Amino acid sequence: DQQVKQNSPSLSVQEGRISILNCDYTNSMFDYFLWYKKYPAEGPTFLISISSIKDKNEDGRFTVFLNKSAKHLSLHIVPSQPGDSAVYFCAAAQLTSGTYKYIFGTGTRLKVLA
Amino acid sequence: ETGVTQTPRHLVMGMTNKKSLKCEQHLGHNAMYWYKQSAKKPLELMFVYNFKEQTENNSVPSRFSPECPNSSHLFLHLHTLQPEDSALYLCASRTGPNTGELFFGEGSRLTVL
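If you read the protein sequences in the order shown, they are chains Z and U. In terms of the working numbering, the first sequence opens at residue -17 and continues consecutively. In terms of the working numbering, the second sequence opens at residue 336 and continues consecutively.
FYI, nobody ran anything at the bench for these hints, they're computed from the structure. Any given hint could be a false lead.
[As the list claims (entries may be wrong)] Derived lysine to any residue pairs resembling SDA-like cross-links, with alpha carbons at most 25 angstroms apart: (1) U:K371 to Z:G80; (2) U:K376 to U:E419; (3) U:K375 to Z:G80; (4) Z:K83 to U:E359.
The structure displayed is predicted, hence computed values, not measured ones.
Assemble the whole structure, with the sequences as input and the hints as a guide.
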């Protein structure tokens, strides 16, 4: 059973427009959420995170929104740039038996068109 | 230099070989993780170590054997693997024990023939 889902495997956006990447989760015990970006042949790099006590966190062009009642989070990138083209993973974290476990989605491939 | 270094970056091995993957973090973190990334699948958590102690084994087959001699180093010993074990193996670290982001290495691409 996949606890973190990214239902859109790919997304294409024109340069300068907004990119919205979505993520759904099923476990209400998750208390921390993160977005990662991954280029080919590299490890994932951290982008932005949000605690479950907040509904929005912003860092430059990146904003993460959390809707706990819907168990949904989204990443907004505005304006989108060609260098943003990569695979984006959302992750959810839960403290279990003294260990923080991070569960990842399958990723969404974003292509920003120049 | 990245904070988390993985070696080798690429490894090809036969099913009867024994090899090891190495991870080293230079961030002063106390928690280290092994993840497996297979094609079109989410990153799968394998093992977690906090302060050198294993705190999570996500039902990983015994042909994968982790070792954490200190908080900076993590190994994954491989023995009699199967072709379906071919994947990208990612190491990550985090300032433990509370929440924070994981810092990933660049991964070791393993091919089992």
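Comparing the hints with the structure gives:
Restraint check for U:K371 and Z:G80: satisfied, since their Cα atoms lie roughly 22 angstroms apart, inside the 25 angstroms limit. A C-alpha spacing of about 13 angstroms is found between U:K376 and U:E419, which places the hinted pair at or below 25 angstroms, so the restraint holds. The hinted pair formed by U:K375 and Z:G80 fails the criterion: a straight-line CA distance of about 30 angstroms is larger than 25 angstroms. In summary, the hint linking Z:K83 to U:E359 is supported, as the alpha carbons are separated by about 20 angstroms, within the 25 angstroms threshold.
Comparing the model with each numbered hint stated earlier shows that hint 3 is the single one that does not hold.
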